[in-house]
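Next come the chains, spelled out residue by residue.
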Amino acid sequence: MVDGRSRVARLLRVWVPLGFFLVLALFPFYWMAITSLKPNAELYNTRMMPLLVYHPTLKHYVDLLSETRFLAWTWNTMLVAIVSTAISLIFGGMLAYPLARMRFPGAGLIAISVAAVYLVPQPLLFIPLADLITRLQLGNTLSAVILTYPTMLVPFCAWLLMGYFKTVPKDLEEAARIDGASHLQTMWRIFLPLCTPGFISAGIFAFTLAQNEFLYALIFLTKTSVRTVPIGVIAELIRGDVFYWGQLMAAALLGSIPVALIYSFFVEHYVAGLTAGSVKG
Amino acid sequence: MGYTVTISSLRTRSWFDRESVFSWLMLAPPLLFLAAFVGYPFCYGIFLSLQNRPVAQPGTFVGLQNFAADFKDSVFWRVALNTFVYTGIATLLKAIGGLGLALAMNQQFRMKNLIRAVLLLPFIVPTVLSTVAWMWILDPAFSVFNWFLIRLGVPKPGPSWLGNPLLAMASIIVINTWRGLPFYGITLLAGLQTIPPELYEAATVDGASGFQRFRYVVLPLLQPILLIVTLFSVIFTFADFQLVYVLTHGGPQNATHLFATYAFDLAMGAGQLGLGASVALSMLPALALLIVALTLYMQRQ
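These protein sequences, in sequence, are chains A and B. Heads up: the first sequence begins at 27 in the numbering used here, then just goes up one per residue. Heads up: the second sequence begins at 68 in the numbering used here, then just goes up one per residue.
No lab work stands behind these hints: they were computed from the structure. This structure is a prediction, so every number in the text was calculated from the model and none was measured. Virtual Cβ for every residue (Gly too), placed ideally from N, Cα, C. Hints should not be assumed to be uniformly reliable.
Derived DMTMM-like pairs: lysine to aspartate or glutamate, alpha-carbon spacing no greater than 25 angstroms straight-line [as the list claims (entries may be wrong)]:
1. A:K192 to A:D205
2. A:K196 to B:E268
3. A:K192 to B:D332
4. A:K192 to A:D267
5. A:K196 to B:D332
6. B:K223 to A:D267
7. A:K85 to B:E265
8. B:K223 to A:E262
9. B:K179 to B:E86
10. A:K249 to A:E68
11. B:K179 to A:E294
12. A:K85 to A:E262
13. A:K249 to B:D332
14. A:K249 to A:E262
15. A:K249 to A:D267
16. B:K223 to B:D206
17. A:K249 to A:D89
18. B:K179 to B:D84
19. B:K139 to B:E265
20. A:K85 to A:D205
21. A:K85 to A:E68
22. A:K192 to B:E268
To give an idea of the chain B side of the interface with chain A (calculated C-beta under 8 angstroms), a few residues [said to hold, decoys possible]:
23. I156
24. L159
25. N231
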């Protein structure tokens, strides 16, 4: 009896708070999914119970894919996210390796500046950057965002990789040096292959940040054909005061899926990246 | 064999292979990139803020006139107040809620990894897309909340979540909290897991209650992580743009305008690059303080 009661108490203590947080986290996604499946007659009928779908339809998805350039936006988003992530991993690694493994004058100052640059938020830079991009005649090209996303991703990757690099023991590199390998060879052949998990963490994180970016894309990409998903959805599915809610929710759900999928494969790496800065320091 | 290789390669080791030379050769390309796309725009932004500079026209130097105009502008002060209220309350809610989330997850239960992954979703999904979902949840005519409120007896059409200045501010704070909560939760959870279980046991043996264990064992040990996470989150909440831009555009009657959205309106909407830059730069004193604090703290660790 006592045992049964304490089991119930334990279940309550564990699942009541978890249930609360799960409902909170998931409700907007449930709402996206259910809205995207409702026919308009149901969507705009306030007499019907809104939490259920009575006559599910894929019409909003068909309309989204046939009437808008959603697939082109998805392609643009992927392309931009992959290229800017690749640039950021290369540059980030080039910053992190000397800072984590070498002694040279000025190292401390560079490390501090990289951390500070990571913390400079976009709104401080977007007005001058807009002018710079116009002068470089890069407006309405994907290059505009491919060049500007790494401004936030490079310092971030560098910081994360530095933390990872510092955890790798030095023996192998020292052995390679004694065998006559140059610094470049040691780094490339011996050190970097050991650091694949660090690169995956930084890459996943940078990729989700790039997919999420809004401000630069909003300013630099004003033509339909070059837009990314967040900008396309905001600019073209909200026309004046008219909201295409069914299509909007379909787009929101489809736009969330690539990130959610990639993230679910690498969730351990993502969490490692998320906590590296604060826990390992 | 290995020995001879060592000697000969040591002798032939070139200037390029010296530690400092190699380091600077590696650092130079990314540093030049950051100088061109962060350092230069930053300085150019300061230069712009000192100009009367309509878009697509040459600017004229006006000294501190843009800042003087900001300080006389009642909207500017409203924006400043909004930004501090938004950052302050959202940070507090995220810290408390995130601590709750971390404690809830730091228990034994099934499907732990799956649940942790699901709870992180609000943080990883593109903000604009989840914000659009919230916009529909709070829609003036079809809000799902209002559907229930009306059936509970609230007069039609129910509260105007984004149309009433106070409710609009409360709404953006709640949505920002919703999005940022998992970041606090997961990071604090990692912190909780570094606390050795012996400490709890010792406290329990000494007769500490659950609350006392939390107050005197968990909280002090969690404090460094809580501080870093909070500083991080304050910086990015203070400079938030997309949530407000999508949800309210700063309205109603500027009740939710933040520094970033107001600067955007002035620069991109009204085409006053100089004035916009001056509003954006007004964030700098507070931001610089936070950035210096956090950078030094991370460096020390």
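Here's how the hints hold up against the structure:
1. A:K192 to A:D205: Given pair K192 (chain A), D205 (chain A) holds - Cα atoms ~23 angstroms apart, limit 25 angstroms.
2. A:K196 to B:E268: 38 angstroms, violated
3. A:K192 to B:D332: Judged against 25 angstroms, a Cα distance of about 44 angstroms means the pair is violated.
4. A:K192 to A:D267: Distance ~53 angstroms between K192 (chain A) and D267 (chain A) Cα, so the pair is violated.
5. A:K196 to B:D332: 52 angstroms, violated
6. B:K223 to A:D267: 22 angstroms, holds
7. A:K85 to B:E265: 58 angstroms, violated
8. B:K223 to A:E262: 31 angstroms, violated
9. B:K179 to B:E86: 46 angstroms, violated
10. A:K249 to A:E68: 34 angstroms, violated
11. B:K179 to A:E294: With a Cα-Cα distance of about 12 angstroms, the restraint between K179 (chain B) and E294 (chain A) holds, given a limit of 25 angstroms.
12. A:K85 to A:E262: Holds, because 18 angstroms separates the two Cα atoms, which is no more than 25 angstroms.
13. A:K249 to B:D332: 20 angstroms, holds
14. A:K249 to A:E262: 11 angstroms, holds
15. A:K249 to A:D267: 20 angstroms, holds
16. B:K223 to B:D206: 14 angstroms, holds
17. A:K249 to A:D89: Distance of about 20 angstroms is within 25 angstroms: holds.
18. B:K179 to B:D84: At roughly 49 angstroms apart (the allowed maximum being 25 angstroms), D84 (chain B) and K179 (chain B) break the hint.
19. B:K139 to B:E265: 59 angstroms, violated
20. A:K85 to A:D205: 66 angstroms, violated
21. A:K85 to A:E68: 13 angstroms, holds
22. A:K192 to B:E268: 33 angstroms, violated
23. I156: Hint on I156 (chain B): violated, closest Cβ of chain A at ~17 angstroms, above 8 angstroms.
24. L159: Not OK, violated: L159 (chain B) not within 8 angstroms of chain A, min 17 angstroms.
25. N231: It is violated, given that the least Cβ distance between N231 (chain B) and chain A is near 19 angstroms, above 8 angstroms.
Of the numbered hints stated above, those contradicted by the structure are hints 2, 3, 4, 5, 7, 8, 9, 10, 18, 19, 20, 22, 23, 24, 25, listed in ascending order.
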